[in-house]
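Chains as they are written, first to last, in the numbering used here: chain X, 939 to 1224; chain F, 3 to 385; chain R, 44 to 309.
Certain hints may be false.
Computed from the model, here is a short list of chain R residues facing chain F with C-beta under 10 Å [stated by the list, open to error]:
hint	residue
1	82
2	97
3	156
4	160
5	162
6	163
7	166
8	173
9	175
10	178
11	200
12	267
13	272
27 Å max Cα-Cα, derived BS3-like pairs, lysine-lysine [unchecked claim]:
hint	chain 1	residue 1	chain 2	residue 2
14	F	327	R	86
15	F	287	F	229
16	F	242	F	126
17	X	1067	F	236
18	F	242	X	1067
Keep in mind that the hints were calculated from the coordinates and are not lab data.
Being a predicted model, the structure only gives us computed values, none of them experimental.
Glycine included, each C-beta is placed from N, C-alpha and C at the ideal position.
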Amino acid sequence: MSTHTRSPLVTGLLLAPAGVFFFFMLILPLLVMLVFSFGERAAAGGYVPAFTFDNYLNLPARGKAFLNTLTLAPLGTLLTAVIAFPMAYFLAVKVPPKWRVVMLVLVMAPFWTSQLMRYYAWIMILGSKGLPAWLAWIGITDVRLLNTPTAVLIGAVYGFLPLMVPPIYVSLEKLDKRLLEASADLGATPWHTFWQITLPLSLPGVATGSMLVFILLMGDYILPQYLGGGKVFFIGNALVDLFLQSRNWPYGAAVSVALVIIMFVTVYFYMRFVLGKTDQRRAALV
Amino acid sequence: MKKIPDLITAEKFVEELRRYQKGSISRRQFMGATGLGLATAVLAGAVPGLRPRKAHAALSGTVNFTTWPSYFAQENLDKFTADTGVKVNVAVFGSNEEMLAKLQAGSTGWDVFVPTNYAISTYKDLGLIEELDLTRMPNYDPASQEQRFTAEGIIDGKTYAVPKNWGTTGFVVNTKNVTQVPSSWKEFFEATQGPLSGRVMVHDYQLTTIGAALKALGYGFNSVDEKELAEAEKLLIASKPHLFGINSDYKPSLISGDAWASVCWTGDATQLQRDMPEMKYVLAKDGGEIWSDFYAIPKGGQNLDAAYALIDFLLTPAINAIEVKAHGYPSTDSRTNALVPKEMLDNPILYPAAESLSPLEFGAAATLTNPLRAEIMARFKAA
Amino acid sequence: MRIYASLIYIFLYAPIALIVALSFNAGKQSMVWTGFSVEWYGKAFSNPLITEALGTSVMIALATAVLSAIFGTMAALGLERTKGWLRIVFDALIYIAIMVPGIVIGISSLITFVTIFDVVNPALEALFNLRLRMGMWSVIATHVLFNIAVVALMVRARLQGMDRSLVEASEDLYATPMGTFRQVVLPLLAPSILAGALLAFTFSFEDFIIAFFVAGPDVTLPIYVFSAIRRGVTPEINAIGTVVLLTSLLLLLIAQWILQRGNKQA
């Protein structure tokens, strides 16, 4: 803000409230979780202190859930990004400026209605009296959608499109139109221009949106529960099960720790990979 | 709420009596109430002092009532609110394990909840439920209850839970889509992996789901034997790709036609059959569960007076009869049975023949806390 | 391209149209159409449990928005000229707060609260006849954590794009630091603070995943909806959903409009 220095006291006061929250609501719970993950399940369920690695050694028992999450979450993110991109491009480039904001708000608005209600509506749409009945009417019979990975992917795209479009839109809108014109003047095909200029410059937006959607999907349990019907099982569902059914807190804690580590590793490599290329770390973060 | 019989006339009394006697004598020895119980019922209906009073001066606020899906009559709860001013906030759960987990974690805010017979001793041992003060529930009459359904609410002579309903766990089949109706759990799982692939649901509940698999293999419903459970797990995991879903709230999927068969409780079968006569409820001939549910009060509730008032209200025979009519689970109270329509007392879903009840087992307390059963259920879901 | 956009809008709004349409259903089950009626709107808004849940949710979301906007902005300002270990630690914490999945925050907070209560409550009960329990405050606390990080990032991005010469000019004109902040910095940051607060409100209002674990006996609207779906939905819920959608659409358009004006001025 300026070249003048500020007293450490002011800095300290500015950072204190956030620091308090980070300590009590983040560091402390994560530490408790870490401690619990070495404990044992009490006889009737819950936690008794112990020091054992059994919970970690038992992680492969949830291998399928990890695998499901680690395939469907990135796939859902990718699909959402691929479907969101042309939409964001359309809004940022093709729509007349005065309509842009309204149309963007219309994309975001569904996120402001109850997520649970929207997934519930999809149960009706994907259930056998919905889409499959229509498909049967035009001759495609016996389509089963509900409680399949496909249903979960549709739900992911539906649920998170409103979060994916805005950041891509923002990065495309910032794009200097003169660059595109210059490229066209120099005889580049529209396709070439897109690959060489539009896409790379919009990557920060894509990266931000994807990151957000990926993080939300990795920890989701409502989407797989509603549209996967207990058959498409995420880590989130495994955690809900361990804490709210089988009451195996220490094992649940170990699964949580594993999930957090997976998050850190994937996000770290993702950032290095995507952001390393664009060299716009800062811009990408918002 | 207009249909509570205020007074019972002499004709009605005789009619009830006959209906009741016919029901009890023909094939329902377990309903075994006495004429005395019936008299109490009639009295309770007729004497104003024993009916829920209009003004409960001290009551206010909200009572948080935790129960099972489709297991209450909304009109009764509305009436309770109208009578007392206490709002009733209903939450439903899918398994006793889920209820226990919430209570163990604390801060539930529940005032009244509905545990199943086999769970009560665990709640008592963990100090999670209050001992009940029966004087605060004048409409509850232990003498008119069918003893074999009420025993587990009383521990060391102290009452921790009062009976709500009893029922069975079998399976329901949509005969419009299914011609070969399974008659046992063995056939149920065979059909799941065969002609009914993609159309069958099981509960998200270790007791009934693992229990059904154990029965299909010829073992005890409550087995905690490692080897037997391992086999049950294998059967469940092999069936999983063929299931439509794993959910204790299976009725919507059966109504929408997505699922054609499901593990099912008495009342859900009654409710399904009302609109869909093609729904057939089967008590597996190789076994299954017979159970009773109870009202109990968790420790640390915020609205104890309202909790007692709600339980007392719901156990009032006239009110309880409306409950039974709505949810289709038989009552444990002979006074209530006297007020339930004859067609319900004759309905074999509610009152199965004695021979189909005989292979059924009550759930055992050990299954609730057994870590292996919990883990197998979780692994089955995660598979 | 136009066709594609139209298809996207249809995709986004078909389920919502279904929710809205069924809110006018006369029948009791929201899945089966039996006739047109607006009675569920009346029922929904005279149902004290729904209005209480709505009130609880609005209060939690408002508190979350205000607290995270203030603390997040403070953190961004505090970090602006900070270097060294403090900077590294806070940067890391902000990213961890965003990266840890909601469900882990919910569960780890739950077990932490439960553990603390187990220790503290007996003493409190003996001394003051008091008991700590989870409720609105714990939901707000978990929501504020995530949203402080969101706001801090948004405000920081704005700070970096800010024209420093304005601040320097102000200081050259002997404005006090507080004066400079109020008259120069704050107006420039306002749009991003507002956007952050709006986002915080939304995340908080919509959250089920975390609240399910830490709400204790308090019922937020998403928790009520979840429970209603399990009990069997009546069109009441659809009516509430419709009203919430329309309200938020309106608020959103207003906010965007304010934001746009702010951007133009900046």
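Consistency of the hints with the structure:
1. 82: violated, 15 Å
2. 97: Because about 14 Å separates residue 97 (chain R) from the closest Cβ in chain F, which is outside the 10 Å limit, the hint is violated.
3. 156: holds, 8 Å
4. 160: holds, 6 Å
5. 162: For residue 162 (chain R), the interface hint is violated, since the closest Cβ of chain F sits about 13 Å away, which is over 10 Å.
6. 163: Violated: closest Cβ of chain F sits about 12 Å from residue 163 (chain R), beyond 10 Å.
7. 166: violated, 16 Å
8. 173: violated, 13 Å
9. 175: holds, 9 Å
10. 178: holds, 7 Å
11. 200: violated, 38 Å
12. 267: holds, 9 Å
13. 272: Holds: closest Cβ of chain F sits about 9 Å from residue 272 (chain R), inside 10 Å.
14. F:327 / R:86: holds, 24 Å
15. F:287 / F:229: holds, 23 Å
16. F:242 / F:126: violated, 35 Å
17. X:1067 / F:236: Cα-Cα ~33 Å, so violated.
18. F:242 / X:1067: holds, 23 Å
Taken one by one, the earlier hints fail for this structure at numbers 1, 2, 5, 6, 7, 8, 11, 16 and 17, listed in ascending order.
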